[in-house]
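Student: This is what each chain is made of:
There are 2 protein chains.
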Amino acid sequence: MAEVKLLGVRGSPFVTRVVIALKLKGIEYEFLEENLGNKSELLLKYNPIHKTVPVLVHNEKPILESLIIVEYIDEVFNGNSILPKEPYQRALARFWSKFIDDKIVSSVKKAVFTLDEVEREKGIEESLEALQFLEDDLKTKFFGGDEIGFLDIAALIIAYWVPIFQEVTGLQIFTSEKFPKLYNWSQELINHPIIKETLPPREPLLAFFKARIEGLSASK
Amino acid sequence: MAEVKLLGVRGSPFVTRVVIALKLKGIEYEFLEENLGNKSELLLKYNPIHKTVPVLVHNEKPILESLIIVEYIDEVFNGNSILPKEPYQRALARFWSKFIDDKIVSSVKKAVFTLDEVEREKGIEESLEALQFLEDDLKTKFFGGDEIGFLDIAALIIAYWVPIFQEVTGLQIFTSEKFPKLYNWSQELINHPIIKETLPPREPLLAFFKARIEGLSASK
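Same order as they appear, the protein sequences are chains A and B.
Here the working numbering is used: the first residue of the first sequence is 11, the next is one more, and so on.
Here the working numbering is used: the first residue of the second sequence is 11, the next is one more, and so on.
Isolated chain A, as found in the complex (with noise of 0.2 Å):
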């Protein structure tokens, strides 16, 4: 059994993100691709709480949710750091990457996976404003300084799947127009080496999430 074993779904932003921080460390992993549809065992005996990827599990014992685990594997494996070294950097990349999940993630979502039309204007006000907190924030090529790190990973939903979700839905809100600074960072972060082989493949994607929007009406 390999030392370091990666429950998750090839398709998954929070899965990739741990993936990311496991290439950057240069560390050999199991990927143990779930069925998410017909959980493991192994992922029900791991994640008994939340049930969800990704799970990480070094020499047996589980680490979950994904900034958790990337800064798991950034104390515990040597290589370049992911985090800032830097208390002040370090306390920021936290709360930026904590914004991302509570605030961008959450509004987005809340525009995207609707019928409704007030909660969807309500989601796209929300994302615009979220985001534009992080465009002010971007000062750098990338969030760490000249190279990727810790809230570049966790940002990394913003510049891969949000414009997937756009293409699904004819909505425009992550753009060149309205985010200048965070649409630039968002194609040197997809096209830097170890992220552009990381990606899952756009297609797939398309056609998951278009049939999961299609899916909120057929429920309907």
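It should be emphasised that the hints constitute simulated quantities derived from the structure, not laboratory data.
Don't take every hint at face value.
Label pairs and their in silico Cβ distance ranges [stated by the list, open to error]: (1) Arg20(B) - Gly155(A): 35 to 41 Å; (2) Glu187(A) - Asn69(B): 17 to 23 Å; (3) Lys188(A) - Pro58(B): 15 to 21 Å.
Using 30 Å as the maximum straight-line C-alpha spacing, the simulated BS3-like pairs for lysine-lysine come out as follows [stated by the list, open to error]: (4) Lys151(A) - Lys61(B); (5) Lys113(A) - Lys149(B); (6) Lys113(A) - Lys191(B); (7) Lys108(A) - Lys119(B); (8) Lys149(B) - Lys55(A); (9) Lys120(A) - Lys120(B); (10) Lys71(B) - Lys108(A); (11) Lys113(A) - Lys151(B); (12) Lys191(B) - Lys71(A); (13) Lys149(A) - Lys95(A); (14) Lys132(A) - Lys191(B); (15) Lys61(A) - Lys108(B).
A virtual CB, placed ideally from N, CA and C, is assigned to each residue, including glycine.
Since the structure of chain A is provided, determine the placement of chain B on it from the hints.
Tutor: Positioned in the frame of chain A, the structure of chain B alone reads:
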């Protein structure tokens, strides 16, 4: 001006987390009491995104979000460690503190701050389920072992504020019968010297939350 300032309100469980961390490290600080009905320019300057307390200001730089502030304090100041030293234990402490904020606090709030009976029942059920996971995880006197640590600080809201919510509403969620280990832990925690001298007085909190809950029906 003091090097360390804390913008807060005395009754907040989230502000109290930061006060305890500062006391555990023996840090001198200036407490700047906010009036949340009329927020100070300093608060709006330092936390334009959420406009909430606590905000720690260290060398004129703001740090936001109570758990991120506690980690920052632990990293920057000497003295006893607040987070565990061992990476796996750190990951667990982070996981459970996130679980408290995302699951326990939100489901207790759902049960307490509503007039909708269906919503309340759902909140109670979710609270009981979430607390059970925490009960099952508790193996030592404190979550941090013999001494209080990060997760005890995060969970103080359960030990002190939840019983106040229960007294105001008559709800029975967190009881010694249902959660004997957590209940014993809560008694140890609120009688710990540093915690005891830090907790805001109970009577004004009772009055505050009573008014807030009565306000729900007034504005129905």
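Student: Honestly, which of those hints from before does the structure not fit?
Tutor: Checked against the structure, the hints that fail are numbers 2, 5, 6, 11 and 14, while the rest are satisfied.
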